[in-house]
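Once you have looked at the hints, place chain H on chain V.
So the protein lines, in turn, are chains V and H. Quick note on numbering: the first sequence equals residues 1 to 679 in the numbering used here. Quick note on numbering: the second sequence equals residues 1 to 203 in the numbering used here.
Because the hints were derived from the structure by calculation, they are not lab data. Errors might be hidden in some of the hints.
Claimed, not checked - Quick list of in silico lysine to aspartate or glutamate cross-link-like pairs, DMTMM-like style, CA-CA up to 25 angstroms:
| id | chain 1 | residue 1 | chain 2 | residue 2 |
| --- | --- | --- | --- | --- |
| 1 | H | 38 | V | 163 |
| 2 | H | 17 | V | 182 |
| 3 | V | 131 | H | 11 |
| 4 | H | 78 | V | 182 |
| 5 | H | 63 | V | 163 |
| 6 | H | 122 | H | 174 |
| 7 | H | 8 | V | 413 |
| 8 | H | 78 | V | 132 |
| 9 | H | 8 | V | 182 |
| 10 | H | 62 | V | 163 |
| 11 | H | 63 | V | 157 |
| 12 | V | 131 | H | 73 |
| 13 | H | 62 | V | 173 |
| 14 | H | 63 | V | 182 |
| 15 | H | 78 | V | 195 |
| 16 | H | 38 | V | 157 |
| 17 | H | 30 | V | 195 |
| 18 | V | 131 | H | 66 |
| 19 | H | 63 | V | 176 |
| 20 | H | 41 | V | 413 |
| 21 | H | 17 | V | 163 |
| 22 | V | 38 | V | 8 |
| 23 | H | 78 | V | 183 |
| 24 | H | 34 | V | 413 |
| 25 | V | 399 | H | 73 |
| 26 | V | 396 | H | 42 |
| 27 | H | 62 | V | 176 |
| 28 | H | 78 | V | 173 |
| 29 | H | 38 | V | 456 |
| 30 | H | 62 | V | 432 |
| 31 | H | 78 | V | 37 |
| 32 | H | 78 | V | 456 |
| 33 | H | 63 | V | 183 |
| 34 | H | 78 | V | 176 |
| 35 | H | 78 | V | 413 |
| 36 | H | 8 | V | 255 |
| 37 | V | 405 | H | 73 |
| 38 | H | 38 | V | 158 |
| 39 | H | 78 | V | 158 |
| 40 | H | 17 | V | 183 |
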Amino acid sequence: MVQIFIDDKPFEVEDGITVIQACESAGVEIPRFCYHEKLSIAGNCRMCLVEMENSNKPVASCAMPVAEGMKIKTNSEMVVKARKGVMEFLLINHPLDCPICDQGGECDLQDQAMAYGTGISRFVEEKRAVKDKNLGPLIKTHMTRCIHCTRCVRFSEEIAGNETQLGAIGRGEDTEITTYLEEAMDFEMSGNVIDLCPVGALTSKPYEFVARPWELKKTETIDVFDAVGSSIRIDSKSDKILRVLPRINEEINDEWISDKTRFAYDGINNQRIDRFYLRNSEGKLIEESEENIIKSIHNLLSNTNSSQIAALAGNTLDCESIFSFKKFLDELKIENYDCRQDDSFFVPSQRFSYIFNSTIKGIDDSDSCVLVGTDIKKEAPILSSRIRQRFLSSPKNYKILSIGKFNLNFPVELLGGTSSSIKKLNEKKNLDFFKKSKKPLFILGQGAMCQADAADIFTYCLNFYQKISKSSGWNGFNVLQTFSGRVGALDLGFYNKKNISRSLIKQIYDGKFKVLYLMSADEINFDKIPKKTFIIYHGHHGDKAVKRADLIIPMSCFTEKEGIYVNLEGRPQISSQVKFPIDGVSHSWDFLNKLSKSFNLSVFTDLNDLREKMFLNHEHLGYINEIKLSKINKSKHSKLKLSNQEMKSNISNFYMTDSVSRNSQIMSKCSLAFSKETK
Amino acid sequence: MSQTSFKKIAEDNMQPKEFSFDKENMQLAKKILKIYPKNYKESSIMPLLSIAQIQNNGWLPKKAIEYVSSFLEIPEIKVLEIATFYSMYNLSPVGKFHIEVCTTSPCMLRGSDDILSFCEKKLNVQIGGVSKDKLFSLNRVECLGACVNAPIVKINENYYEDLDLNTTDKLINDISNNKKVKIGSQSGRKGSEPRKSSYDKKR
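Next comes chain V alone, as it looks inside the complex (with noise of 0.2 angstroms):
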């Protein structure tokens, strides 16, 4: 700690930091464009221009490391001139067009020409033009308006990591923003750039003309299109959701969220299933009434053996969607119901088996990292940034193993592409590298334990794991979710207790089940379902499932009702309602509630209810945001065979993954123009 002036008050402050962080912790606003917390220091944009005693001219706040006894200034004369000449200097080229700029109440550059500005321009020459450049559909560029404080160029370079990066090309008043040759920018993390961007010159391309800050509803929730659960904020106008932003959240995202998160709000609109349907003799789907369903449904159960019906949950659920779900199915006895539709491999009432023990901050403190068959720039865009930020605070000491080739943002070693090379882990210059590393990280992808050898995958990597682990307060061990309801659905022990052999779909496949209620699942193969197989579908979306399905039952978006998610670390977090369920729609729990009725089983009077009994067995669910640490058991040694396999991940199209982001328009631009990366 060392003592400091700020405005003549004495305040201790950490060592190392820099002026504009002991201002910003004392309370004292400096005005910046080009530093930013989370992005190495530029020093370029002059406007936290700060005085300090002993110094003749004024110094940049965010590159002046703090000493003992400094005395800052910063509302001196000097400081407000060197403000208003800075401010002058960067109004110099920008244009005057904040009412026609979507950046317009929201720009750092409109607040603080208001703030410090002088409100007046010297400057009488020719202003410069710069040609637009076309960076593909989610960013719209505006390079006149820039002023060159090249955050999206740090950030493109140093969080984002891609191939194609942003660069400033020329110098002088010839200086650039671009990527090279104008390719577009391909990058999951691409639309950070968008907040980054201090002035209107990174604009977003979908919310190109849509709305004026002010006039939007902000809701505070979490993203569900990915297990990470990053802490997003939904504006929304008149029941129309227009955008989407990062909240800050350092134990999960930073503040960056991916394109998927961002973007693929539009598909909640569209294709939504609202009514009640009847597919009849003829193959056409007929709108059918809430009671002639339920009496049909009611019909169809009662009149089936309950071992062959088979039930399965979607990957984007809610814990309360499952919980009544499992409910309604445990108390008329049907036994075959599951969550994984890849049939992804863990060990039952393991915790530890499926979720990622380390933590998401825990990356940052693990010293080496293993990645077993995880493609986890497509998986998880937000952990791969993070472990590309761990590689590059100390490059030299943090090594990177991986199995299956896969482009990632970070330099890895390869052990090789299939399953059997794993083995080369016991190789002996691996052995001595994991003997010096005290946190190593171990994450285990689903493209690994999708595989038909995944539980000797898992096996191998645990003993391996148990052999290398040391420090008994570090768990490294980790299963990397990629769906936001899977953890959850686990927690809730929405699996078959006895058939765990993971046969279920096979079964399906096979047609050994005559009834088959999904629940907003979507990812079967369903032509590969026999004719004969009766299914229910109770979901929001038009989408793979609706073609086949034989009766559909509407059900609210995860916009359109409060649900607790458990995110990939085990996690669990609750989302809000940002608009009311469209006309005819209820919640699922709602529309169980009334099925049950009919088969004369318990309801839940309401949502506090059915939260008071989920509660009740699942008692951490409870405890919001709160991680439950979970601690490895020991796995039977068995004899394990690791297959010459080629590891893939579960994801081939980072953009499409669910039926939100299968119906948006912006994500299907997105793979359409990125389709070079999705091949």
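Positioned in the frame of chain V, the structure of chain H alone reads:
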């Protein structure tokens, strides 16, 4: 500004289809790489770009930029940033003899403006242009860093110093006739030694 005239990426029809270092340059490039630590090999980007430019008749095509980027395993934009920043790299074709006349203050005081307009007239080239026979290209540059021998002209990789209109005329004639030309001072003095005769007389 005329300085930017060779900084625009050339049209596609002028771009060669392929680029890779020839045998000699490959050896040289590997030698240069060795100077820098392994994890900082992108530090060698500037000499590598120079080699590529010399190999490709004095300018850098897109393929060369992509080649250097894959050679150093860095994104292409990082190479383009460097290539567009420094005035020594040309991104569009130049003449066989690329003449760069320094016009910064010391050279200007010693008559560089006359040399520049003389070159323009003699070669029938505009500043920032290439002659019809593609033998000469002319450009005005900022300080070449040899002010003691002002005025200076840089032709391809070499400096020609202490010029006046006569020596410039001779220099261009000799070069276009493929005669061997002395590099450095054209007034006969050695390096940048004091100009004894004229200096003493005036005193």
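**Asked** Straight-line Cα separation of residue 38 of chain V and residue 8 of chain V no greater than 25 angstroms?
**Response** Cα-Cα ~29 angstroms, so violated.
**Item:** 25 angstroms Cα cutoff - pair residue 63 of chain H, residue 182 of chain V
**Value:** 16 angstroms, holds
**Prompt:** Would the pair residue 38 of chain H and residue 157 of chain V pass a check requiring their Cα atoms to be no farther apart than 25 angstroms?
**Reply:** 20 angstroms, holds
**Request:** Decide if the proposed pair is consistent with the structure: residue 8 of chain H and residue 413 of chain V, CA atoms, cutoff 25 angstroms inclusive.
**Result:** 39 angstroms, violated
**Holds or violated: residue 399 of chain V to residue 73 of chain H, with C-alpha atoms at most 25 angstroms apart** = This hinted pair holds, its Cα atoms lying about 18 angstroms apart.
**Request:** Mind checking the alpha carbons of residue 38 of chain H and residue 163 of chain V for me, to see if they're no more than 25 angstroms apart?
**Result:** Roughly 20 angstroms between the alpha carbons, so the hint for residue 38 of chain H and residue 163 of chain V holds.
**Message:** Between the alpha carbons of residue 63 of chain H and residue 163 of chain V, is the straight-line distance 25 angstroms or under?
**Reply:** 17 angstroms, holds
**Prompt:** Does residue 37 of chain V lie within 25 angstroms of residue 78 of chain H when you go C-alpha to C-alpha?
**Reply:** Holds, at about 23 angstroms.
**Prompt:** Straight-line Cα separation of residue 63 of chain H and residue 176 of chain V no greater than 25 angstroms?
**Reply:** It holds: about 21 angstroms lies between the C-alpha atoms, which stays within 25 angstroms.
**Item:** Pair hint outcome, residue 17 of chain H versus residue 183 of chain V [Cα-Cα no greater than 25 angstroms]
**Value:** Answer holds: residue 17 of chain H to residue 183 of chain V is near 19 angstroms, not above 25 angstroms.
**Request:** Take the C-alpha atoms of residue 78 of chain H and residue 173 of chain V, compute the straight-line distance between them, and say whether it is at most 25 angstroms.
**Result:** Judged against 25 angstroms, a Cα distance of about 19 angstroms means the pair holds.
**Message:** Does residue 176 of chain V sit within 25 angstroms of residue 62 of chain H, going by the straight-line distance between their CA atoms?
**Reply:** With a Cα-Cα distance of about 18 angstroms, the restraint between residue 62 of chain H and residue 176 of chain V holds, given a limit of 25 angstroms.
Checked against the numbered hints given earlier, this structure breaks hints 7, 12, 17, 22, 29, 30, 32, 36; the rest are met.
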